[in-house]
Amino acid sequence: KQEVTQIPAALSVPEGENLVLNCSFTDSAIYNLQWFRQDPGKGLTSLLLIQSSQREQTSGRLNASLDKSSGRSTLYIAASQPGDSATYLCAGGSNYKLTFGKGTLLTVNP
Amino acid sequence: DGGITQSPKYLFRKEGQNVTLSCEQNLNHDAMYWYRQDPGQGLRLIYYSQIVNDFQKGDIAEGYSVSREKKESFPLTVTSAQKNPTAFYLCASTREGVGSHEQFFGPGTRLTVL
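So the protein sequences, as listed, match chains Z and V.
Residue 35 in my numbering sits at position 35 of the first sequence, and the numbers go up by one each step.
Throughout, my numbering is defined as the position within the second sequence, counted from one, plus 1000.
Since the hints were derived computationally from the structure, they do not count as laboratory data.
Honestly, I wouldn't trust all of these hints.
Now the stretches of chain V that chain Z is said to cover, found in silico as 3 or more residues with beta-carbon under 8 Å [said to hold, decoys possible]:
#1 1045-1058
#2 1101-1110
Sample of chain V residues with no beta-carbon within 12 Å of chain Z, all distances over it, derived [stated by the list, open to error]:
#3 Arg1013
#4 Asn1018
#5 Glu1062
#6 Ser1065
#7 Thr1077
#8 Ser1080
#9 Ala1081
Since the structure is predicted, the reported quantities are computational estimates derived from the model, not experimental observations.
C-beta atoms are modelled at their ideal positions from N, C-alpha and C, and glycine is treated no differently.
Okay, chain Z solo, but in the shape it has when bound (with noise of 0.2 Å):
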């Protein structure tokens, strides 16, 4: 069964900083990799979508890297700015469906 880890739980930064946040998944037959962004009570939007095949996806301040033998994926953020500030999680596909990690809460102080 898959499971996703998201490490920290909390991150929080100054305006301007670059930040990575860390995802790990136990079932290295993922066939892609999602990160989403979600605001409080909103729904979540999605960042990023590496595929299985792929080792790493760019947009703009946003870099997501996946290396599934080791059975990680990162998502670098550039430059950090307050509007950043959101929780984000992290998704495995295999199968049918996605498997979500519990996500990283970060603030970005002005």
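Based on the hints, put chain V in the right spot on chain Z.
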């Protein structure tokens, strides 16, 4: 604009009542999902559907029921058999089959049992 809509945004239920949460998508996606989110926990899969008139149980299906009569609609009924229904419910969809592509989410419905 294409997307997923969920209604209502807030729902209050008395104990012993069944309630139905609506999920509609105009993305022409084949697969649709229902998740439940509780504080401090990750999303948990309730039901999913790959095609019209077909659906499968997820990890926590007890006390819930669904239907998929139309491609764009996947309503979830929370029955009185669900002992702890207070939670945030999220609907999602993907194109071209279950789980193989990017999942998109609706804005959610917050259900509270009075």
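Hint check results:
no.: 1; hint: 1045-1058; result: holds (count 5)
no.: 2; hint: 1101-1110; result: holds (count 9)
no.: 3; hint: Arg1013; result: holds (19 Å)
no.: 4; hint: Asn1018; result: holds (24 Å)
no.: 5; hint: Glu1062; result: holds (17 Å)
no.: 6; hint: Ser1065; result: holds (19 Å)
no.: 7; hint: Thr1077; result: holds (20 Å)
no.: 8; hint: Ser1080; result: holds (26 Å)
no.: 9; hint: Ala1081; result: holds (23 Å)
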